[in-house]
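From first to last, the protein sequence lines are chains E and D.
Residues 1 to 174 in the numbering used here are what the first sequence lists, from first letter to last.
Residues 1 to 189 in the numbering used here are what the second sequence lists, from first letter to last.
Read the hints as simulated data drawn from the structure, not as lab findings.
Predicted model, so just to flag it, every value in this text is computed and none were measured.
Some hints here could point you the wrong way.
Claimed, not checked - In silico lysine-lysine, PhoX-like type, Cα no more than 20 Å apart, as pairs:
# : chain 1 : residue 1 : chain 2 : residue 2
1 : E       : 108       : D       : 86
2 : E       : 123       : E       : 108
3 : E       : 123       : D       : 187
4 : D       : 180       : E       : 123
5 : D       : 148       : E       : 108
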Amino acid sequence: MSILRSTCVLGRFAMDMRSHSLSKLWSTQIRVVNMKIKKAEPPEEYTYEERNMIAGRPIAPYLTVYAPQLTSMMSISHRFAGMILSGYAFLLATTSFYISDMAEFACKIGSYGIPSFIFFFFKLIFGFPAVYHLCNGVRHLVWDLGKALTLKEVYLGGYITLAVAGLLTLFIAI
Amino acid sequence: MRLGCAKVLKSIQHPCSSQLPTSLTRGKTSSLLKYPAVSSVSCLNFHKISNEKRIAPSEPKVKLTDAVRHFSITQPKLSGHGDHSKLWVYERYVSAALLGIVPLGLMMPNILFDLLIAVASVMHMHWGIEAIVIDYIRPIIFGNLISKLAVYFVYLLSIFTLVGLLNLTFNNCGLANSIKLLWRINKQE
Numbered sequence: 001m002s003i004l005r006s007t008c009v010l011g012r013f014a015m016d017m018r019s020h021s022l023s024k025l026w027s028t029q030i031r032v033v034n035m036k037i038k039k040a041e042p043p044e045e046y047t048y049e050e051r052n053m054i055a056g057r058p059i060a061p062y063l064t065v066y067a068p069q070l071t072s073m074m075s076i077s078h079r080f081a082g083m084i085l086s087g088y089a090f091l092l093a094t095t096s097f098y099i100s101d102m103a104e105f106a107c108k109i110g111s112y113g114i115p116s117f118i119f120f121f122f123k124l125i126f127g128f129p130a131v132y133h134l135c136n137g138v139r140h141l142v143w144d145l146g147k148a149l150t151l152k153e154v155y156l157g158g159y160i161t162l163a164v165a166g167l168l169t170l171f172i173a174i
Numbered sequence: 001m002r003l004g005c006a007k008v009l010k011s012i013q014h015p016c017s018s019q020l021p022t023s024l025t026r027g028k029t030s031s032l033l034k035y036p037a038v039s040s041v042s043c044l045n046f047h048k049i050s051n052e053k054r055i056a057p058s059e060p061k062v063k064l065t066d067a068v069r070h071f072s073i074t075q076p077k078l079s080g081h082g083d084h085s086k087l088w089v090y091e092r093y094v095s096a097a098l099l100g101i102v103p104l105g106l107m108m109p110n111i112l113f114d115l116l117i118a119v120a121s122v123m124h125m126h127w128g129i130e131a132i133v134i135d136y137i138r139p140i141i142f143g144n145l146i147s148k149l150a151v152y153f154v155y156l157l158s159i160f161t162l163v164g165l166l167n168l169t170f171n172n173c174g175l176a177n178s179i180k181l182l183w184r185i186n187k188q189e
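Chain D extracted, bound-state conformation (with noise of 0.2 Å):
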C-alpha cells in the first residue's frame, strides 16, 4: 500500500498540477487516495520536491516518506450513509437560522415565513430529540430492538408534527397568526 502511494506520489512531476487534487480528492480511482486531507499535505510536499529538484535535476533525492506518512487511516467516506462530519455544521447553522426566522416569523406572519418556520424548527427539533434518543434510550439498557424502535419512532414524529405545522400554514390560520392569537387570548376584545 505504502510502495504504491509512493510510486503515484512519485509519477506526478508538476507541483499541484491540476492531475493531482482531481485524481486525490475524487477518490474513485484508487481506494486510498479517497482523504481530502491528502491533496493538501502532498502538495505542500511537492513544493518541497520541486524546489530541490531545481537545486539537483539528476536524481530525485527527496525522501517520499515524509508525504506517505501524512496518509490518515481514518475513512470517514467509507461509511455507509456517506459523510455525516458536516451535519454538526448544519445543525448550527439552522439553530442561528432560527434566531432571525422565528422572531422575523411573529413580527410578520406570511406564509414564507410560516414555511420556513416550521421546517427549520421540525430540523431543529428532530435533530435535538433524536441526539436525547440516542443518549439515553440506550441499546445496553433498554436492548437492541427498543432503541432502534424509538430512533424511527423519532423520524415519525417529526414528520407527524411537520405535517400538522403545514396543515396549520395551509389550511388555518397559518402558524405565526395561531401561535400570536392563542398568546393573546386575554388582550382581544
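Next up, chain E with everything else stripped away, as it sits in the complex (with noise of 0.2 Å):
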C-alpha cells in the first residue's frame, strides 16, 4: 500500500513538473525564428573569360610557361598545315576563275624551261603540308578511336609520322 502511495506521490510530482516548472524552462529555451521569402539574388554576370581577365590570370593555355614539346608542337603545325591546305584549295578555286584551261595554263608553265632541281625544291615545300596532314591525320584518328592514347604511344606515333611524312614528300616531289 505504501509503495503504491509513494509511486502515486512520484507520478503527481512529475506531473507537475510537466505543468508548470518545465513548461517554464523550455520557454525560457524556445527561440523564435522567423523565416522570410527572399529573392534569390542574380549570379554574376561574368564569363569564365572576365573572370580570369578581372583576376588577371594569363589567357590559357599560357604558352611561354611551356618548353616547346613534340607533343604540342605536332598539334599545332597539324593546325597550320590544315590551313595552308585550305589556301590550296582557296587558290584553286579562285584559279579556276581566272584561268580558263588549266592545261594549256600548265603547258606554258612547262615550256619555259624552269630546271627540274627549282620544280623539286617548290615540290618539297608545297607538298610537305598535305603529306603531314594526311599522316598526322591518320595518329588523329586512330586517337579517336580511344587508341594509343600512353604517352609512349603518343611520341612513337608522333616520330613514325614525322619519319612516314618526310619519306613519302620525298617520294611524291621525285
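Build the complex from these two chains, which are given one at a time in their own frames, with help from the hints.
This is how it looks when you write it as C-alpha cells:
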C-alpha cells in the first residue's frame, strides 16, 4: 500500500513538473525564428574568361611557360598545315575563275624550261604540308578511336608520323 | 517534377513495352521525358519491377527512386540549333572518307570523284578553320563583333571555295586533273 502511494506521489510530482516548472524552463529556451521568403540574388554575370581577365590570370593555354615539346608542336603544326591546305583549295578555286584551261596553263609554264631541281624544291615545300596533315590526321583518327593514347605511344606515333611524312614527301616530289 | 516522373513510370505496367520507349524518346508529350538515355535505364529498372511483382503480386514494393535518380538534368535537345552531339562523329567520318576519296580520285580522275573530293574537302576545311577561328578569335580578346564576323567569314570562304572547286570540276579540266597537271608541269613534253 505504501509503495503504491509513494508511486502515486511520485507520479503527481512528475505531473506537476511537466505542467509548471518544465514548461517554464522550455519557454525560456525557445527562440523565435522568423523565416522570410527572399528573392534569390542573381549570380554575377561574368563569363569564365571575364573572370580570368579580372583576376589578372594569363589566357589559357599560357604558351610561354611551356618548353616546346614534340606533342604540342605537332598539334599546332597540324593546324597550320590544315590552314595551308585550305589556302591551296582557295587558290585553286580562285584560279579556276581566271584561268579557263588548266592544261593550257600547265603547258605554258612547262614551256619556259625551268630547271627540274627548282620544281623539286617547290614540290617539297608545297607537298610537305599535305603529306604531313594526312599522316598526322591518321594519327588523330587512331586517337579518336581511343587507341595509342599513352604518352609513350603518342611520342612513338609522332616520330613515325614525322618519318613517314618526310619519306612520302620525297617520294612524291621526285 | 520527380513525383510526376514516378507516376508516369508507375502507370506503365509492361516492362519495355512499345509504350515506354516511344513515349520516352519522342519527347513531345512532356518536356521531362526528352532524354534518350532514360528509356534504356528505366527499361532495366522495369525488369526488376516485373520480377518482384511476380513474387508478390499484391503490392508494388519496389522503390521507384532508383529509376527516378537516373534522370539526367542535361538537356542536349533543348539547344537552339538542335542536337550537335553527333557532329564530332560525322567530322571523323568525313576525315576518314577523305583518306580514301582523295587517292582514288587522283588515280582515276572523273566527275563523280571530283565532286566527292570537292564537297568532302570543303566540309573538312570548313570545320577545321571554324574550330581554329573559335579557338583563337575569342570574344574576350577581339570583342564580340569581330569574333562573330570571323565565323561568318569562314562560311563565306567555304562557300566561295566550294563554288570555285565545282567550277574547276565542271567548266575546266576537272579538279583531280588540274592538280595532276600542275604537279607534273616539269614532266610533260
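Restraint check for residue 123(E) with residue 108(E), where alpha carbons must lie at most 20 Å apart:
holds, 18 Å
Please work out if residue 108(E) and residue 86(D) have their alpha carbons no farther apart than 20 Å.
violated, 48 Å
Is residue 123(E) close enough to residue 187(D), meaning Cα to Cα at most 20 Å?
Since the Cα atoms of residue 123(E) and residue 187(D) sit roughly 13 Å apart, the hinted pair holds (cutoff 20 Å).
Just to be careful, I want the Cα atoms of residue 148(D) and residue 108(E) compared with a cutoff of 20 Å; is the pair within it?
violated, 43 Å
Mind checking the alpha carbons of residue 180(D) and residue 123(E) for me, to see if they're no more than 20 Å apart?
Judged against 20 Å, a Cα distance of about 12 Å means the pair holds.
Violated hints, listed in ascending order, are 1 and 5; each of the other numbered hints is respected by the structure.
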